[in-house]
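There are 2 protein chains.
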Amino acid sequence: MGADNQQERLDAKWIVGFTDGEGCFHVSINKIPEMSLGWQVLPEFRIVQHEKDESVLFKIKEYFGFGEIRVNRKDFHGTRKEFRARGLENLNKIIDFFNKNSLMTSKRKDFKIFSEVIHLMNNKEHLTKKGLDKIAILISEMNRKPKIKYLESSETLRQT
Amino acid sequence: MGADNQQERLDAKWIVGFTDGEGCFHVSINKIPEMSLGWQVLPEFRIVQHEKDESVLFKIKEYFGFGEIRVNRKDFHGTRKEFRARGLENLNKIIDFFNKNSLMTSKRKDFKIFSEVIHLMNNKEHLTKKGLDKIAILISEMNRKPKIKYLESSETLRQT
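Protein chains in written order, with our numbering: chain A, -9 to 150; chain B, -9 to 150.
With the rest of the complex left out, here is chain A:
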């Protein structure tokens, strides 16, 4: 029996287990001169999988009711796909989901930081220098540390 002819709806706890294995809470701060502070905060929730199991990513999308399936950007051969959710409205739903259904690995720590970032963004704090500094420091504590060019270039933080 292949994965393609599986019609079952996913279970919430299954999604948590799969996320503990294959999921990623990621926040980047990207230089975008057009924005008022010159920096954009970009939070994402991703689940990466070999393309042979793409169907399960579509089921995850169906479960949440949002997100997109695309080629994983780190994969130059195009054999790895990802479910990706962006946007505050969707990510607040992702946070609700994992608050109700606890992660069991150290990804819980990343999720907690991710939640704090989304909370700051809900309050529009990422649009202030102070909020941006706070977010940069928060995400530097994540398990999978993203490159934080903002931290390297931040005058304020370098002085502290």
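Keep in mind that the hints were calculated from the coordinates and are not lab data. Heads up, a few of these hints could be off.
Pairs count within a copy or across copies, as identical chains cannot be separated in the list.
Listed next, the in silico DSSO-like pairs over lysine-lysine satisfying Cα-Cα at most 30 Å (straight line) [stated by the list, open to error]:
(1) K64 - K49
(2) K42 - K139
(3) K49 - K99
(4) K124 - K42
(5) K64 - K99
(6) K42 - K64
(7) K49 - K139
(8) K49 - K21
(9) K42 - K119
(10) K21 - K99
(11) K49 - K120
(12) K83 - K119
(13) K119 - K49
(14) K49 - K102
(15) K139 - K90
(16) K119 - K90
(17) K124 - K49
(18) K90 - K49
Here the structure of chain A is known, so what remains is to put chain B in place on it, guided by the hints.
Chain B only, in chain A's frame:
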């Protein structure tokens, strides 16, 4: 909150999701001259994880009530650990578990082949040349194809 101070018991569906991400059903056929046919069939169920999340492997062991936690043999740095279950009695329980709680990815196919191998072993067919051939052909269909030296060296199979 780290993973270490999580006291929750694991949920069956979480284990399935985590296995769909990180688990592996593996069967090797090893040359052991002391055995009657000269070959040993060795089935294993493994879940591999970075050592920082070793605690979740111990919870998996606790859930099943058997298995061992050890350094992943493919890891020369010793930073990856694995839950490993061996032995027919334990593996029959693993099969019962995943029959009740379906895998959602293509690992379901590997599980199905793994179950067939265990079924043959329950009937002691692995102790006959015919059964050994059957097992070798079965495992050559697995997603993660193990090296099957037995197939390469089998006179019978080479002639067919």
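ask   = Which hints, by number, does the structure contradict?
value = When the structure is compared with the hints, numbers 7, 8, 9, 11, 13, 15, 16, 17 turn out to be violated.
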